[in-house]
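If you read the sequences in order, they're chains E and H.
Position one of the first sequence corresponds to residue 1 (my numbering), numbered consecutively onward.
Position one of the second sequence corresponds to residue 1 (my numbering), numbered consecutively onward.
I should point out that these hints are in silico values taken from the structure, not numbers from a laboratory.
For glycine and all other residues, C-beta sits at the position ideal for the given N, C-alpha and C.
One thing to keep in mind: the hints can contain errors.
To be verified - Short, incomplete list of chain H residues facing chain E, as computed with Cβ under 8 Å: (1) THR3; (2) TYR4; (3) MET8; (4) TRP11; (5) ASN15; (6) THR89.
To be verified - In silico EDC-like links for lysine to aspartate or glutamate, alpha-carbon gap of 16 Å or less: (7) LYS2/H to GLU18/E; (8) LYS42/E to GLU7/E; (9) LYS186/E to ASP81/E; (10) LYS2/H to GLU14/E; (11) LYS2/H to ASP104/E.
Stated by the list, open to error - Ranges of calculated distance between the beta carbons of each label pair, as one might list FRET restraints: (12) LYS110/E to LYS84/H: 43 to 53 Å; (13) GLY69/E to GLU57/H: 45 to 55 Å; (14) GLN47/H to VAL70/E: 53 to 63 Å.
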Amino acid sequence: MNTITIECLRYHPESDAEPRFQSWPVPFTDDMSVLQGLQYIKDHLDGSLTFRWSCRMAICGSCGFVLNGVPKLGCETFLRDYYPGTLRVEPLSHFPIVRDLAIDQSDFLKKLESVKPYLINPDVPKKGTFIQTPGQMDEYYQYSKCINCLLCYAACPQYGLNSAFTGPAALALLHRYNADSRDAGKAERMPVVNAEDGVWGCTLVGYCSEVCPKGVDPARAVNQNKIESTKDYFFRFFRK
Amino acid sequence: MKTYTRPMAGWWKRNPYYLWYMLREASCLFLTAYALMLLWGLYRLQQGKIQYEQWRESLASPLSLAFHAIALALVLYHSWTWFKIMPKTLPRIPLPDWLVVTGGVSAVIVCSALVLVLT
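Based on the sequences and whatever the hints tell you, model everything.
Below you can see the structure in the form of structure tokens.
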């Protein structure tokens with residue numbers, strides 16, 4: 001069994017003015033994830049280390065960290081890939097740190113609520129379900145795979161520089177519903193798209209799509225909606 | 001609740017991806033300078049043949065050649081990034097991303113070759 005050095009950012013608000021780093025030697029096997037490494041520290045070396053986790057299989061989106069400078073899910077990243085070097089674990093960038101590796105995601109939750117991430121359609125079919133073709137489903141399917149892990153926000157410098165920016169995941173989920181043939185709520189969501197801090201806050205760095213663990217392409221959703229926003233601006237002259 | 005938000009100073013140095021992004025954005029400065037230099041050439045041309053030849057001679061200086069080499073490298077990089085992100089910025093079309101990217105890059109190569117041959 002090999003031993004890897006894991007260096008974590010620590011921040012205890014009751015005693016620390018600012019974050020600091022602390023390292024531990026962690027024995028690991030080839031099948032151990034970064035999350036399991038952190039659990040080893042918590043169970044055997046320092047019970048005060050704080051981090052979030054739940055499903056251990058890249059579904060819940062709880063264990064997002066910045067690993068050696070790259071936003072990743074701890075549960076699907078292996079310690080062996082960092083050996084023999086040191087693994088530096090930091091909380092997701094651009095969010096306020098609550099304690100150690102746990103961030104405050106309430107800003108994102110407010111933004112998620114603002115995009116109305118649910119089907120809005122008063123005309124529910126009287127019989128059976130909505131009918132949708134595979135082509136119509138293809139318009140939004142990849143965006144529906146978002147697990148709200150916030151890796152894309154940690155990858156987005158525009159969000160870090162201006163936290164009012166709606167950001168990649170919320171805009172991708174907005175697009176997921178606007179692009180759904182069963183939805184009729186686009187007009188309610190367009191003010192979020194059109195706002196100064198909506199899609200126009202994006203400068204297409206594109207790193208959000210690179211780090212997404214579920215193959216979602218938020219940069220595409222945001223930039224497709226720049227076209228929608230432009231159309232919305234000009235077509236308003238033709239509407240009543 | 002007391003929290004700590006880390007400062008953003010020097011964010012673009014933290015990841016190579018951001019460095020490439022900043023290079024893409026900064027390339028516009030060189031491209032602007034190059035465009036202004038061409039405009040200056042036009043201005044010298046309308047002043048007369050001697051002035052135009054003086055402008056051309058000034059382009060042969062080592063400093064000018066170095067500038068052109070950097071500007072060329074940056075415009076090539078900028079063009080590549082432009083076509084690389086093109087599928088994300090286009091309205092949905094029934095073509096795979098790779099075809100949009102290679103189509104764009106091929107168009108640049110063909111047009112550049114035509115300009116070189118015709119001039």
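ASN15/H as chain E interface residue, shortest Cβ-Cβ below 8 Å
holds (5 Å)
Against chain E, is TRP11/H within 8 Å by beta-carbon distance?
Because about 5 Å separates TRP11/H from the closest Cβ in chain E, which is inside the 8 Å limit, the hint holds.
Confirm or reject the claim that GLN47/H and VAL70/E have a C-beta distance inside 53 to 63 Å.
holds (55 Å)
Hint check: LYS186/E vs ASP81/E, CA-CA at most 16 Å. Holds or violated?
violated (44 Å)
Proposed proximity, ASP104/E with LYS2/H (alpha carbon, max 16 Å)
holds (10 Å)
Hinted contact THR3/H with chain E - closest CB pair below 8 Å
holds (3 Å)
Quick check on the hint: MET8/H CB to chain E CB, less than 8 Å?
Because about 5 Å separates MET8/H from the closest Cβ in chain E, which is inside the 8 Å limit, the hint holds.
LYS2/H paired with GLU14/E [C-alpha distance capped at 16 Å]:
Answer holds: LYS2/H to GLU14/E is near 8 Å, not above 16 Å.
Quick check: does the Cβ-Cβ distance between GLY69/E and GLU57/H fall within 45 to 55 Å?
holds (49 Å)
What's the verdict on LYS42/E and GLU7/E, does the C-alpha distance respect the 16 Å limit or exceed it?
With a Cα-Cα distance of about 13 Å, the restraint between LYS42/E and GLU7/E holds, given a limit of 16 Å.
CA of LYS2/H to CA of GLU18/E, is that 16 Å or under?
The hint holds at about 11 Å.
Please verify that hint: THR89/H, Cβ, nearest Cβ of chain E, below 8 Å or not.
Given a least distance of 5 Å, the restraint on THR89/H holds.
The structure shown violates the earlier hints numbered 9, 12.
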